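Take the sequence shown: its position 23, counting from 1, is numbered 23 in UniProt numbering, and each next residue is one higher.
FYI, nobody ran anything at the bench for these hints, they're computed from the structure.
It cannot be assumed that every hint is accurate.
Pair by pair, the computed Cβ-Cβ distance ranges are [as the list claims (entries may be wrong)]:
| id | residue 1 | residue 2 | range |
| --- | --- | --- | --- |
| 1 | Asp34 | Asp67 | 28 to 36 Å |
| 2 | Asp115 | Pro50 | 17 to 25 Å |
| 3 | Asp67 | Glu18 | 34 to 42 Å |
| 4 | Asp21 | Pro66 | 16 to 24 Å |
| 5 | Glu110 | Pro66 | 13 to 21 Å |
| 6 | Thr62 | Thr121 | 32 to 40 Å |
| 7 | Gln120 | Ala24 | 30 to 38 Å |
| 8 | Arg19 | Glu51 | 14 to 22 Å |
In silico DMTMM-like pairs for lysine to aspartate or glutamate, Cα to Cα no more than 25 Å straight-line [claimed, not checked]:
| id | residue 1 | residue 2 |
| --- | --- | --- |
| 9 | Lys114 | Asp67 |
| 10 | Lys99 | Glu75 |
| 11 | Lys99 | Glu58 |
| 12 | Lys99 | Asp21 |
| 13 | Lys114 | Glu27 |
| 14 | Lys99 | Glu27 |
| 15 | Lys99 | Glu116 |
| 16 | Lys99 | Asp38 |
Remember, it's a predicted structure, so these values are computed and weren't measured experimentally.
C-beta atoms are modelled at their ideal positions from N, C-alpha and C, and glycine is treated no differently.
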Amino acid sequence: MAEVKQPDGVQIDLISGERMDGLASMEKIRMILDGVRDGNIVILEEGLSPEEESRLIEVTMTEISPDEFNGIEIETYPSSESGSSGLFDRLMGNDSNKKLTVIGPANRIETLHKDETLIQTLVSRT
């Protein structure tokens with residue numbers, strides 16, 4: 001990801017599902033963690049699979065360092081498209097995993113409120 005530093009702001013990386021589709025699981029995780037370690041907020045258009053999300057948390061735990069990296073804050077919710085799939089669709093493998101995912105440095109992002117239609121987050125500059 002090209003890094004653009006702003007003098008006094010927060011960089012937000014909005015990553016399309018199309019970009020993520022071409023990457024292996026570890027490439028996705030590395031891209032996300034590299035962005036978050038740089039202090040950026042990463043928003044994924046289509047989110048990660050449950051396995052990828054678990055692996056992201058595992059890798060994050062191994063990289064936590066009190067002076068350098070405090071970990072991540074991650075919030076996800078399904079899109080209305082995946083929320084409306086029925087049991088038959090899920091049984092037939094037609095369940096969409098499209099979901100919006102917000103990931104940021106644990107020391108810069110705080111979730112204030114989350115429900116099925118809204119993630120409300122406070123982002124600090126430091």
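Pairwise beta carbon distance, Asp67 to Glu18, judged against the given window 34 to 42 Å: Roughly 37 Å apart at Cβ, these two residues keep to the hinted range, so it holds.
Okay, Glu110 versus Pro66 on CB: inside 13 to 21 Å? Between Glu110 and Pro66, where Cβ atoms are some 19 Å apart, the hint holds.
Starting from Lys99, check that the Cα of Glu116 is at most 25 Å away, please. holds, 11 Å
Between Lys99 and Asp21, does the CA-CA distance stay at or below 25 Å? Given that 25 Å is the threshold and the Cα spacing comes to 14 Å, the pair holds.
The hint says 17 to 25 Å between Asp115 and Pro50; measuring C-beta to C-beta, is that right? holds, 21 Å
Is it true that the C-beta distance of Thr62 to Thr121 lies inside 32 to 40 Å, as the hint says? violated, 25 Å
Hint check: Lys114 vs Asp67, CA-CA at most 25 Å. Holds or violated? violated, 29 Å
Compare the distance between the alpha carbons of Lys99 and Glu58 with 25 Å, and conclude whether the hinted pair is satisfied. holds, 21 Å
Verify the proposed pairing of Lys99 with Glu75, using a straight-line Cα cut of 25 Å. At roughly 10 Å apart (the allowed maximum being 25 Å), Glu75 and Lys99 satisfy the hint.
Range first: 28 to 36 Å. Now tell me if the beta carbons of Asp34 and Asp67 are that far apart. violated, 18 Å
Holds or violated: Lys99 and Asp38, Cα atoms, limit 25 Å. Within the cut-off at roughly 24 Å; holds.
Straight-line alpha-carbon gap Lys99 to Glu27, limit 25 Å: holds, 19 Å
Checked against the numbered hints listed earlier, the structure breaks hints 1, 4, 6, 9, 13; every other hint is satisfied.
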